[in-house]
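Asker: The chain contents come next:
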Amino acid sequence: MAKKAKAPKFRSRIKEFIPSCPTEKLIQHPDNWRLHPEQQKQVLGSLLDRHGKVDAILAYESAKYGGLVIIDGHQRQEMDDAYPVLILDVDDAEAAEILMTYNPLAAMSDTDTDSYRRLLAAIEQDEADNAAALSILAESVLGESIIVSQEQEDVTLKRVEVRAPPKMAWIVIGCPLVEFGGATAILDQLQIIEGVIVESTTSDWMPKK
Amino acid sequence: MSKRGFREFPRGGTRETNNKGLTEKVALRRHFLRKYHADEAKVLDCCQGTGQIWKNLRTEFELKSYLGIDIKDGLSRVTMDSTRFLTLKFRENVIDVDTYGEPWKHWLNLLPNVRQPTTVFLTVAAMCSMQMSIDVRLAVFGKDLQMPQSLFASLWPYAIQSLLWMPTKHGLEVVECLESVNDHATRYLGIHIRPMQKQG
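The listed protein sequences correspond, in order, to chains A and B. Heads up, the final residue of the first sequence is numbered 208 in numbering that gives the first Met the number 0, and it's a clean run with no missing numbers. Heads up, the final residue of the second sequence is numbered 199 in numbering that gives the first Met the number 0, and it's a clean run with no missing numbers.
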């Protein structure tokens, strides 16, 4: 006898899916708080060129605003004349709450950088635009600047930060071990001071005369 | 040190060859040529050797000029010490220092003579991390600082930071600095510098 399927723990709020909804019908949420810089738009354009539309805009019907209002996907609306849309069965208050929580929740996830690097290395970068988009995304995920080569050579160009060197003053402490023992305690204390870098060696050394 | 004032390479040790890291080196140069020198690239290849890097690139890019220099006879058009060449006024805007050893003397010599947007490629061999030449010590510490060799090795990251910041002391700004990531210990750097824009 077939096992009875368990009832899902959480209810679905999706009431309709429109595979190709004219984006002019969608209304931007008046309280949308996310700003989309030009660079993000360029990256999205590049990914849409490469993969097509692989997700859907979230929207809901609002009498207050007079139509289908976007909860998530304000930038995607501007990218094309039609876009897949998931219509949620929510009211204005719930929509506002989802608008507030949806993206920050995604941003809370941690990153397995090794897996990400493996994925990055496996991608064939055959177009300059795609390489630029991947570089920007990789930079935002890995927290370091990376430029993906445009060639199929698996070469990564990493940005080197050029900044003013710290102002340096040198204190050289010579501590004859035989007479005074180790200087570890002094060095440990110095290390606590912010901005102080302690390098030490136990080699027996005298300056050249 | 050799009689001509150049550090001798250890015999029998692992030594960087021209072909090692060729893919990474070419990719780095390709990026900067496309981005900054699509109109005009005048290349000065300071340690030409067999010239493999630029042989590859010359099939892809139309260079305005190419001048190869090497201290060894017969390898290049000009046989001379390229660190001395760089103390003169040069007209090239792409300077390649793919040296076996330390590129910093080239770097320090060329900076006062940069008058136009210029890209410099530096190959920093692993052996550099074990010792610090007097040129670098003078440039970074302001004096020929004496200390145990092991301390110099620990100070290399700060020294490189200072060296890369050095253009600002010559009225230049660093527009972009990239490193071509590779599996060996040698670092391949590309730096685009230009005269600072005058305010007002």
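Quick caveat, the hints were computed from the structure, so don't treat them as lab data. A couple of the hints might just be wrong.
[To be verified] Chain B is nowhere near these chain A residues, computed Cβ spacing over 10 Å in every case:
hint, residue
1, Phe16
2, Thr155
3, Val159
4, Val161
5, Arg162
6, Ala163
7, Thr183
8, Ala184
[What the hints assert, rightly or not] Distance condition first, Cα-Cα at most 20 Å in a straight line; then the derived SDA-like pairs of lysine to any residue:
hint, chain 1, residue 1, chain 2, residue 2
9, B, Lys34, A, Pro165
10, A, Lys166, B, Tyr157
11, A, Lys157, B, Leu144
12, B, Lys34, A, Gln41
13, A, Lys166, B, Asp182
14, B, Lys168, A, Pro165
15, A, Lys166, B, Gln145
16, A, Lys166, B, Val113
17, B, Lys142, A, Lys157
18, A, Lys166, B, Asp143
19, A, Lys166, B, Lys34
20, A, Lys157, B, Tyr35
21, A, Lys157, B, Arg136
22, A, Lys166, B, Tyr35
23, B, Lys168, A, Val42
24, A, Lys166, B, Arg136
25, B, Lys34, A, Val42
26, A, Lys157, B, His169
27, A, Lys166, B, Met165
28, A, Lys157, B, Gln160
29, A, Lys166, B, Lys168
30, A, Lys157, B, Gln145
31, B, Lys168, A, Val159
32, A, Lys157, B, Asp182
33, A, Lys166, B, Met146
34, B, Lys142, A, Pro165
35, A, Lys157, B, Pro156
36, A, Lys166, B, Ala158
37, B, Lys168, A, Gln38
38, A, Lys166, B, Phe31
39, B, Lys34, A, Leu104
Note that the structure is a prediction, hence the values are computed from the model and not measured. Quick reminder that beta carbons are idealized off the backbone N, C-alpha and C, glycines included.
Asker: Now, for every hint given, state plainly whether the structure supports it.
Answerer: Evaluated hints:
no. : hint                : result
1   : Phe16               : 43 Å, holds
2   : Thr155              : 4 Å, violated
3   : Val159              : 4 Å, violated
4   : Val161              : 4 Å, violated
5   : Arg162              : 7 Å, violated
6   : Ala163              : 6 Å, violated
7   : Thr183              : 16 Å, holds
8   : Ala184              : 20 Å, holds
9   : Lys34/B / Pro165/A  : 31 Å, violated
10  : Lys166/A / Tyr157/B : 11 Å, holds
11  : Lys157/A / Leu144/B : 32 Å, violated
12  : Lys34/B / Gln41/A   : 18 Å, holds
13  : Lys166/A / Asp182/B : 33 Å, violated
14  : Lys168/B / Pro165/A : 15 Å, holds
15  : Lys166/A / Gln145/B : 19 Å, holds
16  : Lys166/A / Val113/B : 26 Å, violated
17  : Lys142/B / Lys157/A : 32 Å, violated
18  : Lys166/A / Asp143/B : 18 Å, holds
19  : Lys166/A / Lys34/B  : 34 Å, violated
20  : Lys157/A / Tyr35/B  : 17 Å, holds
21  : Lys157/A / Arg136/B : 27 Å, violated
22  : Lys166/A / Tyr35/B  : 32 Å, violated
23  : Lys168/B / Val42/A  : 37 Å, violated
24  : Lys166/A / Arg136/B : 16 Å, holds
25  : Lys34/B / Val42/A   : 19 Å, holds
26  : Lys157/A / His169/B : 25 Å, violated
27  : Lys166/A / Met165/B : 14 Å, holds
28  : Lys157/A / Gln160/B : 16 Å, holds
29  : Lys166/A / Lys168/B : 15 Å, holds
30  : Lys157/A / Gln145/B : 33 Å, violated
31  : Lys168/B / Val159/A : 19 Å, holds
32  : Lys157/A / Asp182/B : 14 Å, holds
33  : Lys166/A / Met146/B : 19 Å, holds
34  : Lys142/B / Pro165/A : 17 Å, holds
35  : Lys157/A / Pro156/B : 16 Å, holds
36  : Lys166/A / Ala158/B : 12 Å, holds
37  : Lys168/B / Gln38/A  : 33 Å, violated
38  : Lys166/A / Phe31/B  : 31 Å, violated
39  : Lys34/B / Leu104/A  : 38 Å, violated
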